[in-house]
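Q: Quick note: the sequence shown uses the numbering used here, first residue 918, plus one each step.
Treat each hint with caution, since some may be false.
Said to hold, decoys possible - Cβ pair distances, simulated, as ranges:
| no. | residue 1 | residue 2 | range |
| --- | --- | --- | --- |
| 1 | 1000 | 941 | 40 to 50 Å |
| 2 | 1008 | 940 | 16 to 26 Å |
| 3 | 955 | 1008 | 16 to 26 Å |
| 4 | 946 | 1006 | 36 to 46 Å |
| 5 | 986 | 1006 | 39 to 49 Å |
| 6 | 971 | 946 | 38 to 48 Å |
| 7 | 1012 | 973 | 31 to 41 Å |
| 8 | 935 | 970 | 31 to 41 Å |
For the record, the hints were derived by calculation from the structure and aren't laboratory data. For glycine and all other residues, C-beta sits at the position ideal for the given N, C-alpha and C.
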Amino acid sequence: FYDYDEIQYLTECNFRKIPEPRTPEDEMASEPWYTVGPNDVFPEEFSQFLLGQLRLRVPFNKYHGELLDAQYWKSQQEKIARGFLEDVFPYPDHVRFCNRPELDQPAVCIARRPG
């Protein structure tokens, strides 16, 4: 997991939801009203730093909104603890490089075209 200035194992992170403010003053405070430990990560804050532009935020939330939810990350940790390491690909298999005949290279992955 990459957090601006350090890399940490996903299993070492403590994913949390930001607690509701207790008072209006809490909400307006410049510092958090809740404790923050050294391994605490608050995924809902990602959008403030990564998705400042509405044109980015809307499609991101539509297709990847789960990445802003602490429970999603906890479920990923549980999968890792059970020995399941998920493969994540940026493109569907039918558009990956191994399926590009113009590259004139043998396929290095097994892919299926939809349909």
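Q: Now tell me, hint by hint, if it's right for this structure.
A: Against the structure, the hints come out as follows:
no. : hint                   : result
1   : 1000 / 941: 40 to 50 Å : holds (47 Å)
2   : 1008 / 940: 16 to 26 Å : violated (47 Å)
3   : 955 / 1008: 16 to 26 Å : violated (36 Å)
4   : 946 / 1006: 36 to 46 Å : holds (42 Å)
5   : 986 / 1006: 39 to 49 Å : violated (21 Å)
6   : 971 / 946: 38 to 48 Å  : violated (26 Å)
7   : 1012 / 973: 31 to 41 Å : violated (22 Å)
8   : 935 / 970: 31 to 41 Å  : violated (22 Å)
Hint compliance for this structure: hints 2, 3, 5, 6, 7, 8 are not met, and every other hint is.
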